[in-house]
Amino acid sequence: MTKRIKLTKAVIDGLHYERDGGQVSDLEVPELKVRLTPTAKTYEARWTSKTEGRVLTRKIARVGEISVSEARDRARKIVAEDLPRAVETLRDVFKVWDQTYSSAVSAGHAEEFRRTWAKHIEPDLGHLKLTALTHNKLQGWYNKKRTEYPLSPKGKARTKPNSAATVRRWIAYVSKLCAIARKLGYMVGNPTEGLEMATPSRRLDLFNREDIRTLGDNLTGIENRYPIGAALIRFLMIFPCRGIEAREMLWRDVDLEAGTWTIPADRYKTGQDKVFPLGPLQVDHLRNLPRWSDTYVFPRPSSIGVGRTKTAQTDSDLPVTKNHQIHVWKKVRPKPLGAHTLRRTIGHLLLNKNVPLEVVSKLLGHSNTLVTQQIYARLDPQTAAKHLAVWSTFLEDDEAETEPHFVDYVLKQQSKIAAHEYNKKLVD
Numbered sequence: 001m002t003k004r005i006k007l008t009k010a011v012i013d014g015l016h017y018e019r020d021g022g023q024v025s026d027l028e029v030p031e032l033k034v035r036l037t038p039t040a041k042t043y044e045a046r047w048t049s050k051t052e053g054r055v056l057t058r059k060i061a062r063v064g065e066i067s068v069s070e071a072r073d074r075a076r077k078i079v080a081e082d083l084p085r086a087v088e089t090l091r092d093v094f095k096v097w098d099q100t101y102s103s104a105v106s107a108g109h110a111e112e113f114r115r116t117w118a119k120h121i122e123p124d125l126g127h128l129k130l131t132a133l134t135h136n137k138l139q140g141w142y143n144k145k146r147t148e149y150p151l152s153p154k155g156k157a158r159t160k161p162n163s164a165a166t167v168r169r170w171i172a173y174v175s176k177l178c179a180i181a182r183k184l185g186y187m188v189g190n191p192t193e194g195l196e197m198a199t200p201s202r203r204l205d206l207f208n209r210e211d212i213r214t215l216g217d218n219l220t221g222i223e224n225r226y227p228i229g230a231a232l233i234r235f236l237m238i239f240p241c242r243g244i245e246a247r248e249m250l251w252r253d254v255d256l257e258a259g260t261w262t263i264p265a266d267r268y269k270t271g272q273d274k275v276f277p278l279g280p281l282q283v284d285h286l287r288n289l290p291r292w293s294d295t296y297v298f299p300r301p302s303s304i305g306v307g308r309t310k311t312a313q314t315d316s317d318l319p320v321t322k323n324h325q326i327h328v329w330k331k332v333r334p335k336p337l338g339a340h341t342l343r344r345t346i347g348h349l350l351l352n353k354n355v356p357l358e359v360v361s362k363l364l365g366h367s368n369t370l371v372t373q374q375i376y377a378r379l380d381p382q383t384a385a386k387h388l389a390v391w392s393t394f395l396e397d398d399e400a401e402t403e404p405h406f407v408d409y410v411l412k413q414q415s416k417i418a419a420h421e422y423n424k425k426l427v428d
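Here the sequence shown is numbered in UniProt numbering, starting from 1 and rising by one per residue.
Hints may be right or wrong, so weigh each one.
[Said to hold, decoys possible] Calculated lysine-lysine pairs in the DSS-like style (CA-CA distance at most 30 Å, straight line):
1) K274 <-> K362
2) K6 <-> K41
3) K119 <-> K59
4) K183 <-> K160
5) K77 <-> K176
6) K119 <-> K176
7) K95 <-> K183
[Claimed, not checked] Label-pair ranges, simulated between beta-carbon atoms:
8) T100 <-> D205: 28 to 34 Å
9) A107 <-> E65: 51 to 57 Å
10) A107 <-> N208: 48 to 54 Å
11) D273 <-> E193: 29 to 35 Å
12) K95 <-> P150: 44 to 50 Å
13) K95 <-> R287: 44 to 50 Å
14) H109 <-> R287: 27 to 33 Å
15) P356 <-> A258: 30 to 36 Å
16) P161 <-> H109: 20 to 26 Å
Quick caveat, the hints were computed from the structure, so don't treat them as lab data.
We treat Cβ as the ideally placed atom computed from N, Cα and C, and that holds for glycine.
Modelling step: build the complete structure from the supplied sequences, incorporating the hints.
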């Protein structure tokens, strides 16, 4: 029986033909063997072939020519390439994801994955065999996508190329497919690891009080022509939800008496049920809206989502489109910024008004406070100065003359402890 041990350089150096026999198997990668002879030690791959139905052996290299780690990788690759080729290309892996793994994420996330695959990934990478999907190939694809100019819905090239954040998200989808292929034994490693990618930049622009007033006035001027789009943007003005969450809001999700808005897990970004609190302002806004639809709070206008007719006819079976939101937003925005800036502005303002981080995170719908802290917690200098004033007051406290100053007291205690430890070492 072949001895199985975890191979290391020291272990292999200590192997002996007469004591350990003619072959030793690796505990970590059982297909990797060390062939022992009286005069040499050789790495081999030995496995049961699923294509030929018998045990095959292939020499890898002499011990000493490559490291143990490299020998393991080569053995894995040899075995992986011998699997039946039911999955050969990245397109095949995507089919596996669609059939088996897509149900594990929210419906919205799965649909976004499919759109990105069909539009951006499959045309360039779908036909590639997994063995050809190398690190250099993906680096070239990333660089190409960063210089491409996306097309508008009308087919015109936009003025800016794909952003670093957008292409990074596409790479994450490719990485997911590679991880599945690796898990199923069709790939040895993940070629997306270590790609050189630009750091996504976050816009720091916010709206000020005057901008909000201007936005409100502009909405009043167009709400007769675009009633649904104007109502949608007014809601985004008073509640920091994502645009897609507001567009897909259902009347059955809203409890105006209790002041709650519940989005089921299958429609929410994080894949969990999310309950948003609604205040009097938000409840009044929703109560005063016309019931354009029995299903959606903001249904799709009849004019294919762009709102070019003055009629309020709607398609009650579909939510308002993002194109309609953008069309109306460009007519009313006080600055050349996206509607998502409203969400950033509200989150930033709440945090700088000393609203607890946990509360702001709840309102923004984040799965944890770390996301809120990283993106929204940009403290105004004036707010920071107020907190610094607390320390200044502490330092200038007149009572410090009659009572031991807290800082002095702590320093003295630390000095006593340090001196005691030093004297103890001298005695020892």
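### Message
Hint compliance check: list the failing hint numbers for this structure, sorted ascending.
### Response
Hints 3, 4, 8, 10, 12, 15 are the ones this structure does not satisfy, whereas the remaining hints hold.
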